[in-house]
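Student: Model the full assembly from the supplied sequences, consistent with the hints where possible.
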Amino acid sequence: MSNTEQKYGRHIVQYPADVSMCAGCGTCEAVCGLIHDGVTSPSIKRIFLVRDTTMTEDMHKIYSCQHCVDHPCYNACRRKDSAMCLDEETGIVYVNQENCIGCRQCWKACPFEPKRIAFNLDKPRKALKCDLCRTRPEGPACVEYCQVSCIGLSDQPMPGKEEKNE
Amino acid sequence: MNKIYGYVGKIARINLTDSTVTEVSTFNYVPKYIGGRGVCNKIFWDEVGPGVKAFDPENKLIFMTGPTTSTGIPTGGRSTMCSISPNNLPEQYCWSGIGGWFGTMVKFAGYDGFIIEGKAPEPTYIFIDDGKITFHSAKELWGMLVHQTQKKLEEILGKDVNSIVIGPAGENLVRNASITTSNDSVAAKAGFGAVFGSKNLKAISVRGTGKVQAGNVEKILKLHKTMGKPIGKTNPIQYKDSFAPRPHINFPVPGGVKEGRVACSYGCNQHCNLILLDVKAGIGGNEKGRTNVVNKCVGIYAYQMIEDSGWTPQMSFNTPQNDYAGCRFISGDGFTPDLSDPAINEGFLDRQLGDIVNYWDGDYDRGNVINDLCTQYGIDRWDVIIWYMSWLAMAKKEGVLDDIDFGLGMEIDPSSEEFMKRFLEMIVYRKGYYGNIFAEGMARAIRTLGMEKYGKTIYTGRVSQRTGNQQIIPISLESAWGHCCHWAGRGFQGSNDITCWLPIAIELMTSTRDAQTNTHHHDSFDYYLEVRNDPCHNPRVASSTIFNEHCAELKESLMSCEFQLPQIFDKDIESEMFEAATGIKMTHEEIYLAAERIKNLFRAILIRNNGRTRDMEVNEVYPILTYPDADGRTVSWEDFNHLVDMYYEQRGWDKKTGWPTRETYERLGLEEVADELEAIGKLPEK
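From first to last, the protein sequence lines stand for chains P and W. Numbering of the first sequence is given in the numbering used here, commencing with residue 1 and proceeding in unit increments. Numbering of the second sequence is given in the numbering used here, commencing with residue 1001 and proceeding in unit increments.
Because the hints were derived from the structure by calculation, they are not lab data.
Computed list of lysine-lysine pairs in DSSO-like fashion (alpha-carbon distance at most 27 Å, straight line): (1) P:Lys61 <-> W:Lys1280; (2) W:Lys1010 <-> W:Lys1032; (3) P:Lys115 <-> W:Lys1152.
Tutor: And the structure:
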């Protein structure tokens, strides 16, 4: 088992550009909002496309929750097990929005930059975080609907390759 | 009516003269006019009368999204702008489509679109920030190139802001100036960048964090699976040792080519944009003078133009077994055909070679430099590459430039990167006598220089590969309305045959600009087989033209793109997209009736504001058809007019004047339009 797998659980990865370059269409963000909330919005998403058309090959970057094994966001939640919850079987940390008070402690605890937790348009704004579409039999919608298969799951092989995504 | 999803409900009226903003309800116009261009037409009809010129403060520029925009429906991320075009000859009401993320953000900011009115007293940019619209001095931005401007606005307003901007060409009222998004998508052909410039408007920026609720999420998800075939095809960066974006463009590149495909707008599933990575910049670029260049259809011709593009019936026509969306074959991203299709035995895949034109040889750096300069200056690549450059190449070889000195300090040579840099700088900054002439666009420049010599001279270096004969085509390459040939059977992309270019001529005739950015002609292959021998006397050519025109209206009203629609054997696709966005069910017939309404309102504007008649438009479009196509075919005046008769008749337009009848307007719910036209004597006599 690699260090990456020890530190992070199953998560969404962006493939290198020579496997498939993100076209920047934003379908991942759109279907995330549609599947979870029935709307599209830059504020309502759990996967984050950062577009950049400057001189880099990986022009458009896609970020989402890495599902840290030590789940600092869950640990920091003031309503732990009520708002931020842990699925013991899969290790997925997910948000029960009804009970979220928007205190942003989870956001502060997220070790990544950019942060992998967003806040919706409710008052107060409630946390949104990737749960790998855990109740969806087809798995993560962003992966299923990506027009160019530039994202996938970390425990699945990359398109055209045998090895897992790292 | 129940709630209409897909729209956010407001259109902003932004007055630059007095820096005021008011709001108009979108529901004054929809669902009757769908959105996009349909709504633009209605607003323009209501608000801008005859006599207004493109650069007058009284001219309005209307920007609209469609119901699919921001919903995640594939290809719905595009937007449209309408105004009086300075790049038309004569100036007329016109449209221009644009991709990018800007339109999507406008909707997330709470507006379905906006109307730009008046003229700012000094260089200005507008900031739309989640429902709040403010005006800011653009003195610091004025003079900046497009990428500089985008970057500066990000620095001022934040990385989460999206902008449409003009470059020096727009500021200097160059008639074919473009408006550019952050991902180098442009509204270019109509020259609306110069309308921005005339209003002292450098840029519009938007931050949108709100939400859009579509009518049917399940349907949207289904469309994702059915519209972008095949979903999930990977998009690896390709490393190549030659540049070969089409079968007829292919040359080795020392150092290699790095390319990929990128989306033009939110929800795009077509990825027709070819991005070339780490290439020589025309101006600016990184510390090594390198940049990335995005190419659509026309940009690739800056790299090499020895041979005109070829054509296969498959590019325009479909069979049930080989049924592809829109213009996939033109994007160079086609599918492997089903070879069991019996149509193949009837010529479905037969490649018809384009003419040899011998304009310029393959040069990767020159192509990238020219494309980058066009982007950075904010000038229409089409006019630069297909018109200025081709004209320079032909005119030089025919000797008509021998007594001209542009004052650029070097020999006229469009195949020279350095010459083109100097030539474009001369135009964009209106330097000297010739800079001012060419900044007026080719159509006007040719007339100023002298049409007989600089427009009508025949280029003798062009040879048809189909007939073996020298082709007769004037160096002007002009088709109609101040635009140059495009899928016209002769001139540029002139290899489609008469089954294709003839309806395109009618589409151009009723337009005010080159219509091939949204009306590449499509139909079923049996149309091709049926009409090819005598198209001018076959009513199916007229009905096919009308079908394609309605598809074009829907593409830019619903919001979709030329690469997606039409889908010949899925005629309900537009209804499905509309229902997915709005929740409103419309049959194929109902949504095409809306398209017909939009087309007839466009027609009414041209009749009232620009004096459009049959004589005007037939005389405008016919002359280029007298030159032989790649197969040596022309069309006679009588035959062409016979086809026009059939077309007008099917449209419900008077054959003598070309004006829609009262019955036609009333059938389309445009009684008030008929009344107004009748009052000014522009309804046909009964």
